[in-house]
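Chains as they are written, first to last, in my numbering: chain G, 135 to 618; chain Z, 787 to 1449; chain B, 11 to 220; chain L, 232 to 538.
I should point out that these hints are in silico values taken from the structure, not numbers from a laboratory. Do not rely on the hints blindly, as some may be mistaken.
[What the hints assert, rightly or not] Derived Cβ-Cβ restraints for the label pairs, each shown as a range:
| hint | chain 1 | residue 1 | chain 2 | residue 2 | range |
| --- | --- | --- | --- | --- | --- |
| 1 | Z | I1440 | B | N119 | 21 to 27 Å |
| 2 | G | L542 | Z | F1446 | 20 to 26 Å |
| 3 | Z | L997 | B | V191 | 44 to 50 Å |
| 4 | L | T500 | Z | K1378 | 43 to 49 Å |
| 5 | G | I608 | Z | I831 | 17 to 23 Å |
| 6 | L | L521 | Z | K1170 | 48 to 54 Å |
| 7 | Z | L1161 | L | L521 | 32 to 38 Å |
| 8 | L | S509 | Z | P1060 | 53 to 59 Å |
| 9 | L | L521 | Z | G1346 | 47 to 53 Å |
| 10 | Z | I831 | G | K556 | 36 to 42 Å |
As the structure is a prediction and not an experimental result, all values here were calculated from the model. Positions of the beta carbon are idealized from the N, C-alpha and C atoms, including for glycine.
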Amino acid sequence: MFEFFIFILLPLITSLFCSVVKNLRIQYSVSLSVSVLHLILALSVFLGYYHTNLPFFFSVDSLSKFFLLILSNVYFWVVLVSFSYLKRPVTHAAEKSKGFYFLLLNFYLAANSAAMLSNHFGMYWVAAEATTLSVAPLIYFYRNEEALEAMWKYLFLVSIGIAFAFIGILFLTLSAKGSILEGKQLFFWEFIRNAKQLNPIWLKASFIFIFVGLSTKIGIAPMHSGDVDATSNAPSPIAALMSGSLRLTALMGVLRIFEIIRPTSSYEFAKTILIIGGLLSLFVAFVFMFKVTNYKRMLAYSSVEHLGLITLGIGIGGLAFVGAMYHAIYNSIMKVILFLTAGNIHSKYKSREVSKVTSVLNRMPKTGWLFLLAFLGISGIPPFGIFFSEIKIFEGMLFSNKPALLVLTMFFLLFIFINMGKIIFFMLYKKNDNDNSEIGNEHFDFIHLTVILLLILLTTISVLSPDVIYQNIINITKDFGMNL
Amino acid sequence: MNNSLIPGNYLFISAFVIQFLAIVPLTILKNEKKAFVISNFILLIGLVLGLISTLSSKLFSFASFSSNDTLLFSNWIRLDGLGLYFLFIIQLVAIPTVIYNFSYLQHYIDQKRSIKSFVTFYIILLISTQFVVMANQAILFLVSWEVMSMSAYLGMLLEKEKEEVQKGSFYYFVASHLLVFILYIFFFLLHHQTNSWLLSDYHLTAATISLIPILFILSFVGFGIKAGFMPFHFWLPQAHPIAPTVLSAFLSGVIIKTGIYGILRTFQFLKPIPEWCGWLILVVSIFSAIFGVWYALAQHDIKRLLAYHSIENIGIIGIGIGIGFIGSANNLPVIEVLGFGGALLHTLNHAIFKSLLFLGSGVIYQNLGTRNIELMGGLVHRAKYLAILFLIGSIAISGIPPFNGFISEFIIYTGFFQTAKELKNYYPLLMLLFVVGLAFVGGLAVACFTKINSIMFLGTERKEVKHFHISVFDYISLGILALLCIVIGFYPQPFIGIVNKVISNGFVAANSPSALLNMNWLSITIIFSSILFGVIVLYFAKMQIHKRYGRRTSAAWSCGYENQSPRMQYTASSFADELNTIPKTILLYNKKVDSSKRVIPKPSSFESHSSDFVDNKIVLPGYSLLGKIISKIEFLSRTDIRYYIAFILVMIIIYSFIAFLWI
Amino acid sequence: MGNVLSILFCLSLFYVSITSRVKGYVTVLQIQGVLLSLIIVIPFIYPFSIYGIILPATLLLVKVFLIPRYINKIILDLDIRRVIDPTIQQFSFLLLVIATMVVIFVVSNILSQSTELNVIPFASGFSAIVIGIYIIMFRRKLIVHVAGFLILENGIFLFGTAVASELPMMIELGTLLDVFVVVFLMGIAINKISTTLDGFDVTALGRLKD
Amino acid sequence: MDIEILQGPIAIFVIIGIAPLFAGFINKQKAILTGRIGAPVLQPYYDLLRLFRKETINAKSSSFISQISPLINFIVIIVAAAMLPIGYWKPLISFNGDIILFAYTLGLARFFQILAAMDIGSSFEGMGASREATFALFAEPIFFFTLGSVAFISGLTSIYDIYHSIRLDNISYIVFIIICSISAFILAITECSRMPVDDPNTHLELTMIHEVMILDNSGFDLFLYLYSSYIKLFIYAILEISFFYPFSAKSYLLGIVIFIVGSIILSLTLAIVETITSRFKMKNIPQYLLFATAIGILNLLIYTFTK
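With the hints as constraints, model all of the structure from the sequences given.
Here's what the structure looks like:
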């Protein structure tokens, strides 16, 4: 019960508290302490120091504790920088948003934790929808036209998507007709245990609907647009939160149904669908990297790419699945780094257009170098984790029964890398005649420190590759019935 | 003692620790200059210790050497013959560049430019490069490889505000990422076959022989991109010129050799290699060599010219490797030894003279502020010793006796002759064609290096030089390298011995034939010495004759043509014009002659320009074609949300259809 | 009884596809709310249970009173022109709707042979889902989009009753609450869009693209 | 035994000594063929002596390259000469692979020659240097297609061994050798700047290659250059003559006779060729050289596939 309190109720209470107490500093300190508590508990659950016993529709297995830790970690860093982020001068309209910021953030934490920990499809659905609702107003933080449009699109597209996911859940019920599950609750484990008895047609339908519906939230192409709009227009910490954890929350729904479908005859079908989805996402990222002129959108497409890669890895299975799980952690941290540094750039240049952002390395050397390192990291350069997870995915793909996909994937990744590099290097080095580039009078602020800490964290966990993470991922693969 | 390092691991480890420590002053000291000098000094000590440790290994002593005693640190590090040899090359070239840094980076400090990041990346580059050749674990190898590539990339950014630096470094960046993808597949396949990540475990069994061609192609393309073989070279002439000189020297001298290392390392577990692999390498290499040097001839940018020469020399090394492969395929250790021996020695030689030339050109660049050789001239009157050092490097790189370039080319030639002799039939014909190709390359190299030497150093100054300063560090670093050129040229025996030992440790299975050692090195030494001796004697004789019959200087006669001006000298463009016109379609060589034939002529001008074929006809058009195709894909970039909602429905229908097909 | 109500539901769908007034949508939403409440309340009338009445009552409250009123308020506040502007002719739209419904009913019938399921509510619900999407796809007004979304939600609800899913009360209420909040947020957004972007059409939303 | 050791040094002295005579001989024959009396046969010696005694003048713009280049040229040419056989006399330098050393030492000479020409900073010398670099490049393959192809066929890599491996027992091999010797003749013409590639008689034409490179040399420097060019001419003559050593049937004496007779016949041939042909256009020279290379390739092809 204690963990239920910490994970779900406490953030809810804090959320209420934030609606009452209007002092931003107090809100910040309370939220930060909640996030620390959350992180500590998530970590101890993950490490097995704390044995959980959650009530109602909640329980913990290897997958949920893994994703919960990712969420908790990302959330902690986002909250950590939030205050210094909020201190920055914004427009008068956006000033009003600050009051809601921590309220919604805490609500988000509660909803997302609930989604991660739920063991019931209905509960999962409600919580996942609640995360959308908590994030949507945050997208509108700046209260300008773009933000409004992005919020509308995100809200609308994701709501419809998630409604489709609900249809998928109903199909799942339908598939249980005539089995011993009929009339029972929609608990994950019940379904997993009795998956073989489910009606394959409805199961497939359920998978399709849940996957397509949640795709809007994960950002799987071609349902990615709402996500891209939202992440590119949200304030950077929120964008980081969305890329780092919200997408994974949605992915978890897909993973659950995938886990159910695994022992049945539809397994291969589900894998194919996941592979198609992943490849489509890579393709979309590949296409848009040629066109994109807005660096935050570029990062959003990078998220599409990486979630696509994770989906692809899951679809391939085996070693690629392990790689995908690693990718989930590394990508989440990397995205926080990227969005935070991009946010720094944005607050200096006041523009998201690449053409207006020039010679970043001269004008803000610290941010510039960190941004460069982050780019290297996200494109799979060691020692930043993505390298290690990518090679696992690649290896898995090479020795799956579809090695040709590897060539396609590498082709996409290479051109994504080239075009992303072009944009980022343009920003970093290009010298504009107009700017009187005063060299390096950027002082070291809190966000730099955070980013450096994150880079160190990422490098440490990717180089040392703690056995506990590996063991947990192995447990997940065992849950998914894969032998390595 | 089962360790290839005779003094044990401590010296070895401490060398690396000290090299790492060199980063510390950069992070804690505020003063740029102080931090840099201290750090560079520590780095130098670390490298010297490393070199001592390498030199005291069994490879460089009389101790016998078996491949069993090469694994260290739970098999993650392997110091076998090949690894130690490349380690030696790396450290040997790194030391002069680090010495050179003392004076070179001073210029940047004077310009108030921050060099801390550059020095940091340079240190990381040096360390990671050493790890590349020592790594015995595939992941460690890949990580060091990537760190090496990326630190080199980051180092290139020292003058990042320049357009050409942005472009060139980007080429490098993309190429190094591209090749890593190929290496991934390569190592995955090996891992899958042997179930091990250790390079030393990679022995293919009979069942997996069918994989050898695939593995070979992967390795050749992957490592070939790094090495800069001709169709894959497009990044090299873009990237090397724009890097800071020390870095270009190290890139051209050492980093591209890691590609060669990779190919040679790969060969160790790709046995039996099919013969066509050798032919493939030979053809690609001769192509690289000829066109590398031909492109070089058409360049006016000294560093780009040298970069193209790297392609040429990689081609020559590749020729050696190709012969070695053919020897291996035909089970003829004699040929194998000659081929690999030539390749390995040329790798060392090229590392030496290429860094010598790059560092020399860096000195000129620092003083004149330009890399365009058309604006130089008469520098011999300013810097005689620099001219001599540069000349030594030039003669060496052209493969002309009496310096080291000749020695390795000589081995490769002998390899050709030997192949023709051992494998009768049609081999003599084919081998002769390659020999002629190689001789042609030599001729082009002579044309090219006479061009640069004469345009840069000889004649009169085309552009006024205010002052020309060369520091003592420049002389030390260039001197070390030039001395090595001379030593290997005049007295190659010890180096031949080392190369032979490398080959017998891991290349040729049975007791290796001493084909390399049996060549007439003594005659070569004697002949070279007698040439030197003869020239010296004749020089003194000449002095005496001048004393007797007189000698004076006067304005050049030039058929009585008076009022010569520096601008009337032969230029680099005109020197090479005739040669470049011949393959102008491949060199994309175009001239712009603007001369008026009126009664009172206007000023006329002549320009020539060459651009890279692969880059301009394949890579860039390919990329823009892709971009064009992509821009046709409009349906994805709609602003209207209704389309995306329609996509949900469409995807559900498509997926349902797939599901329907599944039944 | 459920089947009759489902058919009435289908009729409301026909109405919604030919009406050209925004008000018509609100009316249809209210009717559908009532129908849905009736459908779920039937099993609890006899024997009567208070517990079973909670959900239908909430549903009635949310779908018949709160949401339609809220939408009406927006329509009045913003003075949205009463006429919807469709992108295709009403006639073709109706044809499309009919064709879709026929396909759905036929497919459901085929599917019902392998599984025991209640064809009429199932197909009606599914039709509502698809027609909701159609409404969004072929109409420009944002408020109509919201209405389309609500029709889709209603369809899901009906569909849920057809497959007899046993969701716990708490979760059912949660879903209702979620839907309500979504609509609430959408309303706010439409308000903002009409003031800041000067329009209540999708065409006003064209800034974000690549 | 003692004589064998002495063979090498003696051969070099013979080559160095006779070389100007050979050049004088050609000139004399040319003069006779064109109906002039011509300079005496020993004229090259007189020229050399005259130059030796003259004051040396260096251009102001020249550097140390101009000082050492003639020396290197001279020494290197002598070293190259030391690898050549005279009859059955073993040359001073003879080891496996000396054919490569031979080609590359001449390369060294050329390298410095070009540098020395460019050292003056005059456009005349520049032009000559550029042409020298270009044509030498195309001449290089010819060398390998003549001597080199024999080497590849025989599997030997020492010039002495290569020439003495030639056997006259196989008709296709004889044809092969004859064509090789024709190629070698073209090579000699090119490398020694004779007609139709270059005209050794004129100085002041823009059509010059070799002569224009040494325009600004005088005195002892010019002496060295001139002497090296005489030796070079003779070296290539020997390369050509040596194809006929097999007729000597391994007799020392007959070998020397062939050497002498061959020299005379070759000088006559050169004189005739120079009399009856005119210079090619500059831009046609690479084609001409490529033609010679093509002969070499074709020759080797035919030989390889008719065996």
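Cross-check of the supplied hints:
1. Between I1440 of chain Z and N119 of chain B the CB atoms are about 23 Å apart, so this pair conforms to the stated range of 21 to 27 Å.
2. Range check, L542 of chain G to F1446 of chain Z: Cβ separation about 25 Å, and the 20 to 26 Å hint holds.
3. As the Cβ distance of L997 of chain Z to V191 of chain B is approximately 59 Å, the hint placing it in 44 to 50 Å is violated.
4. Between T500 of chain L and K1378 of chain Z the CB atoms are about 46 Å apart, so this pair conforms to the stated range of 43 to 49 Å.
5. For the pair I608 of chain G and I831 of chain Z, the supplied restraint of 17 to 23 Å is violated, since their beta-carbon distance comes to about 45 Å.
6. Between L521 of chain L and K1170 of chain Z the CB atoms are about 40 Å apart, so this pair departs from the stated range of 48 to 54 Å.
7. A beta carbon spacing of about 35 Å between L1161 of chain Z and L521 of chain L agrees with the range 32 to 38 Å that was offered as a hint.
8. For the hinted restraint 53 to 59 Å between S509 of chain L and P1060 of chain Z, the CB-CB distance of approximately 54 Å keeps it satisfied.
9. For L521 of chain L and G1346 of chain Z, the Cβ-Cβ distance of about 36 Å falls outside the hinted range of 47 to 53 Å, so the restraint is violated.
10. Between I831 of chain Z and K556 of chain G the C-beta distance comes to about 41 Å, which sits within the given range of 36 to 42 Å.
Checked against the numbered hints given earlier, this structure breaks hints 3, 5, 6, 9; the rest are met.
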